[in-house]
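Student: So the protein sequences, as listed, match chains D and A.
1 is the number of the first residue of the first sequence in the working numbering; add one for each residue after it.
297 is the number of the first residue of the second sequence in the working numbering; add one for each residue after it.
Check before you lean on any hint, since a few could be wrong.
What the hints assert, rightly or not - List time: in silico DMTMM-like cross-link candidates among lysine to aspartate or glutamate, alpha-carbon distance up to 20 Å:
id : chain 1 : residue 1 : chain 2 : residue 2
1  : A       : LYS616    : D       : GLU90
2  : A       : LYS312    : D       : ASP14
3  : D       : LYS135    : A       : GLU303
4  : A       : LYS526    : D       : GLU82
5  : D       : LYS120    : A       : GLU303
6  : D       : LYS136    : D       : GLU96
7  : A       : LYS531    : D       : ASP78
8  : A       : LYS298    : D       : GLU82
9  : A       : LYS530    : D       : GLU82
10 : A       : LYS306    : D       : ASP114
11 : D       : LYS135    : A       : GLU304
12 : A       : LYS298    : D       : ASP114
13 : A       : LYS526    : D       : ASP69
14 : D       : LYS118    : A       : GLU304
15 : D       : LYS118    : A       : GLU303
16 : A       : LYS526    : D       : ASP158
17 : A       : LYS616    : D       : ASP14
18 : A       : LYS526    : D       : ASP72
19 : A       : LYS306    : D       : GLU96
20 : A       : LYS526    : D       : ASP78
21 : A       : LYS457    : A       : ASP420
22 : D       : LYS137    : A       : GLU303
23 : D       : LYS137    : A       : GLU304
24 : D       : LYS136    : A       : GLU303
25 : A       : LYS530    : D       : ASP78
26 : A       : LYS526    : D       : GLU160
27 : A       : LYS526    : D       : ASP114
28 : A       : LYS298    : D       : ASP78
29 : A       : LYS531    : D       : GLU82
30 : A       : LYS531    : D       : ASP114
Think of the hints as simulated: they come from the structure by calculation, not from any bench.
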Amino acid sequence: MEITLEHVSKYFKDKARKGSPVKKAVDDVNLHLTPGVWGLLGANGSGKTTLMRMVCGIMKPTAGRICYDGVDISQLGDFYREVIGYLPQEFGFYPEFTVQQYLEYIAALKGIPDTQAKHKIDELLTRLSLEDVRKKKIIKLSGGMKRRVGIGQALLNDPELLVLDEPTSGLDPGERVRFRNLLSEFAQDRIVLISTHIVPDVEYIAARNAIMKNGTILQTGTTQELVSQIHGKVFQAIIPSQELGMWESEVQIINLRNEEDGSVCLRYLGRPSDIPNAAPQPPCLEDLYLYLFPKS
Amino acid sequence: MKRLYIEELKRVMRTKSILLFLAAALVLSVFMAYVPVTYERFTYEENGREITIKGREALAIKKELQSPNAGEITPEKIAAGLKSYQHNLEIYGDFYGDFPINVHNSEIFPWSAIVRRLQEIMADSENGLAPDYTEITEENALHFYERCPAHLDDLMNMEQKDNPAAREIAAEMYSKVKMPFYYYPGYNSNMAEYEGMYLFLLMFLCTMVTSPVFCCEYQTGADDILRSTKHGRKKLAFVKILCTMTISLITFALCMAIFTFVSNSLFGWECRRTSLQIIYSAVSLLNVDLGGLQNLVMWAGLVSLLSSISFVLFLSSACKNTTLSTGLTIAFCMAPSALYMMAGGDFTSYLRVLLPSGGLGGTNSFFYAVTSYFEFLKIGPATFWTPWLLLAVPALEIPVFLWLTVRTYCRRSM
Ligand SMILES: Nc1ncnc2c1ncn2[C@@H]1O[C@H](COP(=O)(O)OP(=O)(O)OP(=O)(O)O)[C@@H](O)[C@H]1O
Ligand SMILES: [Mg+2]
Numbered sequence: 001m002e003i004t005l006e007h008v009s010k011y012f013k014d015k016a017r018k019g020s021p022v023k024k025a026v027d028d029v030n031l032h033l034t035p036g037v038w039g040l041l042g043a044n045g046s047g048k049t050t051l052m053r054m055v056c057g058i059m060k061p062t063a064g065r066i067c068y069d070g071v072d073i074s075q076l077g078d079f080y081r082e083v084i085g086y087l088p089q090e091f092g093f094y095p096e097f098t099v100q101q102y103l104e105y106i107a108a109l110k111g112i113p114d115t116q117a118k119h120k121i122d123e124l125l126t127r128l129s130l131e132d133v134r135k136k137k138i139i140k141l142s143g144g145m146k147r148r149v150g151i152g153q154a155l156l157n158d159p160e161l162l163v164l165d166e167p168t169s170g171l172d173p174g175e176r177v178r179f180r181n182l183l184s185e186f187a188q189d190r191i192v193l194i195s196t197h198i199v200p201d202v203e204y205i206a207a208r209n210a211i212m213k214n215g216t217i218l219q220t221g222t223t224q225e226l227v228s229q230i231h232g233k234v235f236q237a238i239i240p241s242q243e244l245g246m247w248e249s250e251v252q253i254i255n256l257r258n259e260e261d262g263s264v265c266l267r268y269l270g271r272p273s274d275i276p277n278a279a280p281q282p283p284c285l286e287d288l289y290l291y292l293f294p295k296s
Numbered sequence: 297m298k299r300l301y302i303e304e305l306k307r308v309m310r311t312k313s314i315l316l317f318l319a320a321a322l323v324l325s326v327f328m329a330y331v332p333v334t335y336e337r338f339t340y341e342e343n344g345r346e347i348t349i350k351g352r353e354a355l356a357i358k359k360e361l362q363s364p365n366a367g368e369i370t371p372e373k374i375a376a377g378l379k380s381y382q383h384n385l386e387i388y389g390d391f392y393g394d395f396p397i398n399v400h401n402s403e404i405f406p407w408s409a410i411v412r413r414l415q416e417i418m419a420d421s422e423n424g425l426a427p428d429y430t431e432i433t434e435e436n437a438l439h440f441y442e443r444c445p446a447h448l449d450d451l452m453n454m455e456q457k458d459n460p461a462a463r464e465i466a467a468e469m470y471s472k473v474k475m476p477f478y479y480y481p482g483y484n485s486n487m488a489e490y491e492g493m494y495l496f497l498l499m500f501l502c503t504m505v506t507s508p509v510f511c512c513e514y515q516t517g518a519d520d521i522l523r524s525t526k527h528g529r530k531k532l533a534f535v536k537i538l539c540t541m542t543i544s545l546i547t548f549a550l551c552m553a554i555f556t557f558v559s560n561s562l563f564g565w566e567c568r569r570t571s572l573q574i575i576y577s578a579v580s581l582l583n584v585d586l587g588g589l590q591n592l593v594m595w596a597g598l599v600s601l602l603s604s605i606s607f608v609l610f611l612s613s614a615c616k617n618t619t620l621s622t623g624l625t626i627a628f629c630m631a632p633s634a635l636y637m638m639a640g641g642d643f644t645s646y647l648r649v650l651l652p653s654g655g656l657g658g659t660n661s662f663f664y665a666v667t668s669y670f671e672f673l674k675i676g677p678a679t680f681w682t683p684w685l686l687l688a689v690p691a692l693e694i695p696v697f698l699w700l701t702v703r704t705y706c707r708r709s710m
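Working from the sequences, and respecting the hints, build out all of it.
Tutor: Dropping the structure here:
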């Protein structure tokens with residue numbers, strides 16, 4: 001099973017823009033998705049959601065095509081929707097539904113037989129720690145719980161292709177860890193595409209990453225592959241706090257921590273010679289992210 | 297499909313606002329059926345004082361007074377009524393001023409429904425003016441039923457001078473009207489009017505329930521999830537349509553059953569056998585009694601209702617949010633009535649026939665079209681009696697709107 005995106009573009013009309021009235025939300029994207037967890041990284045507005053909606057068949061590309069095992073998904077119809085699960089970035093629920101009722105409703109929509117659906121719902125409620133609230137109205141749940149219900153509905157049909165748009169936003173650290181475990185277990189022989197701003201999340205669970213910028217895919221690869229480009233560019237240094245202002249304009253600071261003795265521990269992107277006594281650090285995805293999307 | 301349908305019905309029946317609307321429809325059915333009785337008045341004189349009785353009591357007295365003349369309206373009865381009118385006019389001059397109320401109640405009122413129709417058909421064939429009661433002869437009364445078609449001809453020659461097809465349709469329809477007429481006292485024209493008004497309210501409530509069906513999903517963002525499921529496209533659209541129709545049909549059946557039961561129980565079930573021609577005009581074209589008219593108005597209401605719902609479903613599938621869709625729905629419901637109040641003319645008549653809700657509302661209602669005037673519309677070379685169009689056109693529009701709904705929903709955000 002594989003998903004291929006061939007020269008996929010999506011343009012929106014945008015009257016507010018001066019000059020060209022089209023916004024290229026996704027611009028000529030080529031991507032080959034194979035089983036495993038894929039992390040989609042990119043700044044706000046880089047086109048992640050648009051791309052995911054197209055992969056789910058909710059939106060038609062302006063140009064290009066998306067294929068499931070070589071067949072254009074727009075020709076697959078029902079069959080394609082049967083094998084996908086989608087968690088939108090923003091989604092609503094009917095206010096009158098309880099968690100259980102909602103999942104039963106979606107199960108019916110997904111065409112899952114009644115008894116099978118009951119088992120699956122029980123299982124998911126346990127795995128997503130939602131058993132206690134199964135009889136509660138969804139609108140009364142906390143944000144993180146709502147998102148878990150959303151994850152639950154996406155998993156109901158054991159999808160071959162699971163698309164999750166920022167699934168971890170709003171989850172507390174404990175739930176985040178449980179979610180990662182759930183995903184890595186689930187991702188055997190399946191394609192899971194997740195977008196997130198929380199870089200460590202994909203760093204832990206994503207086998208491969210795609211980095212988006214202004215509607216295009218900048219880079220793809222495993223975390224190691226991607227990170228290797230900034231090998232030898234990440235350093236840590238301890239400097240007196242009064243020197244901070246001086247260095248801020250010289251290097252790109254990733255992180256800084258005030259130490260108790262009045263000095264500052266600095267993690268930054270740059271050259272070894274920038275700050276004296278700086279120690280090289282093993283780079284991580286977050287460093288790459290900041291390397292690719294420097295604060296303007 | 298069946299499971300999805302049941303799940304969707306369950307979901308809808310859990311929605312508070314929908315239950316509220318349905319409860320309102322039920323309460324209104326009793327209320328609107330009851331109100332016409334409260335208009336009943338009966339005044340008499342006792343010891344020089346005028347006493348007015350209202351409501352059901354008044355209705356009972358009036359029915360009692362008119363009951364000797366109930367049943368078949370024979371020419372002899374008409375003549376007897378005319379005689380009573382003329383006799384009293386000879387004594388008191390006219391019905392205004394000093395005419396004693398009690399005499400009116402016992403000598404005039406029992407005949408009024410019948411004699412009024414006689415006066416109507418004796419109208420001048422040139423200018424359409426009705427004669428004085430004193431100018432009508434017993435001979436005229438005895439030939440009432442022969443005069444009826446002739447009066448229709450007169451009217452048609454005046455009103456539809458340039459439309460021979462309309463004149464033909466009218467003559468053809470009227471030739472089927474059963475004579476002699478039947479009359480059972482107690483009927484109050486408010487009753488039919490309230491039926492029309494109630495149908496309008498029912499349509500309004502049902503369309504309000506319908507207007508968020510699709511766009512509510514778009515607005516909350518629930519749509520993205522539904523749309524990415526196996527049955528989330530065509531099947532879901534069908535199921536949503538089916539559920540809306542089911543709920544509307546059940547509401548309609550229940551509410552109209554209550555309405556019909558309450559109003560006929562109040563006014564008397566025998567009234568349903570009264571000829572339409574005795575109530576509104578002796579030359580009403582349709583061969584029905586009041587029961588038949590009630591039923592016909594109800595069926596026309598149902599057709600308009602289903603057609604309106606189909607249209608609103610389409611609106612809902614095309615709107616971005618519920619505010620817009622609700623606003624448009626309200627405008628749509630009011631449009632026919634508003635058009636009729638503000639502008640008359642052919643254009644409005646055509647528009648009313650085209651609008652799914654055209655036969656519901658105020659003066660534009662199907663009920664008025666059947667009873668008050670001889671309404672005809674030309675479509676190309678053919679001429680139709682408007683009430684038939686008000687039944688047929690909305691019915692034909694139903695599949696069109698539903699098809700558009702499914703299409704719009706499935707293609708959304710593509
Ligand atoms: N329906 C639309 N109409 C017009 N423009 C749109 C539409 N949807 C998205 N856009 C534009 O396309 C661009 C990409 O949006 P998108 O939501 O895909 O970004 P994103 O990467 O998901 O961002 P975020 O991280 O904030 O979720 C943005 O500039 C957005 O304004
Ligand atoms: Mg997004």
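Student: Take the hints in turn and mark each one as holding or not.
Tutor: Hint check results:
Only pairs whose Cα atoms come within 20 Å are accepted, and A:LYS616 paired with D:GLU90 is accepted, the gap being roughly 16 Å. Of the supplied pair hints, the one linking A:LYS312 and D:ASP14 is violated, its CA atoms being roughly 39 Å apart against a limit of 20 Å. Of the pairs offered as hints, the one joining D:LYS135 and A:GLU303 holds, with about 17 Å between alpha carbons and a cut-off of 20 Å not exceeded. A hinted pair counts as satisfied when its Cα atoms are at most 20 Å apart, and A:LYS526 with D:GLU82 qualifies at roughly 5 Å.
Of the pairs offered as hints, the one joining D:LYS120 and A:GLU303 holds, with about 17 Å between alpha carbons and a cut-off of 20 Å not exceeded. For the proposed pair D:LYS136 and D:GLU96, the alpha carbon gap of about 10 Å is at most 20 Å, so the pair holds. In summary, the hint linking A:LYS531 to D:ASP78 is supported, as the alpha carbons are separated by about 10 Å, within the 20 Å threshold. For the given pair, A:LYS298 sits about 18 Å from D:GLU82 by alpha-carbon distance, which is consistent with the 20 Å threshold.
Note on A:LYS530 and D:GLU82: the hinted pairing holds, with a Cα-Cα distance of about 14 Å set against a maximum of 20 Å. Distance restraint check for A:LYS306 and D:ASP114: the Cα-Cα separation of roughly 15 Å lies within the 20 Å cut-off, and the hinted pair is therefore satisfied. Between D:LYS135 and A:GLU304 the alpha-carbon distance is near 19 Å, which keeps this suggested pair within the 20 Å criterion. Simply put, A:LYS298 and D:ASP114 have alpha-carbon atoms about 12 Å apart, close enough for the 20 Å limit, and the pair holds.
For a cut-off of 20 Å, the pair hint linking A:LYS526 to D:ASP69 stands: about 18 Å separates their Cα positions. This hinted pair checks out: D:LYS118 and A:GLU304 have alpha carbons roughly 17 Å apart, not beyond 20 Å. Distance check on the hinted pair: D:LYS118 and A:GLU303 sit about 14 Å apart at the alpha-carbon level, within 20 Å; holds. With a C-alpha separation of about 13 Å, the suggested pairing of A:LYS526 with D:ASP158 holds against the 20 Å cut-off.
A C-alpha spacing of about 17 Å is found between A:LYS616 and D:ASP14, which places the hinted pair at or below 20 Å, so the restraint holds. Between A:LYS526 and D:ASP72 the alpha-carbon distance is near 17 Å, which keeps this suggested pair within the 20 Å criterion. Taking the CA atoms of A:LYS306 and D:GLU96, the gap is about 10 Å. The hint holds against a cut of 20 Å. In summary, the hint linking A:LYS526 to D:ASP78 is supported, as the alpha carbons are separated by about 5 Å, within the 20 Å threshold.
With a CA separation close to 17 Å, the supplied pair A:LYS457 and A:ASP420 stays within the 20 Å bound. Only pairs whose Cα atoms come within 20 Å are accepted, and D:LYS137 paired with A:GLU303 is accepted, the gap being roughly 17 Å. Taken as a hint, the D:LYS137 and A:GLU304 pair is honoured in the structure, with Cα atoms around 17 Å apart against an allowance of 20 Å. Restraint check: the Cα-Cα separation between D:LYS136 and A:GLU303 comes to about 18 Å, which is no more than 20 Å; the hinted pair holds.
The suggested pairing of A:LYS530 with D:ASP78 holds, with an alpha-carbon distance near 10 Å, which does not exceed 20 Å. Between A:LYS526 and D:GLU160 the CA atoms are separated by roughly 13 Å; this keeps the pair inside 20 Å, and the hint holds. Distance hint between A:LYS526 and D:ASP114 is fulfilled; the C-alpha atoms sit about 15 Å from each other, no more than 20 Å. The suggested pairing of A:LYS298 with D:ASP78 holds, with an alpha-carbon distance near 17 Å, which does not exceed 20 Å.
For the hint pairing A:LYS531 with D:GLU82, the CA-to-CA distance comes to about 13 Å; that is within 20 Å, so the pair holds. Restraint check for A:LYS531 and D:ASP114: the C-alpha separation of about 18 Å stays at or below 20 Å, so the hint holds.
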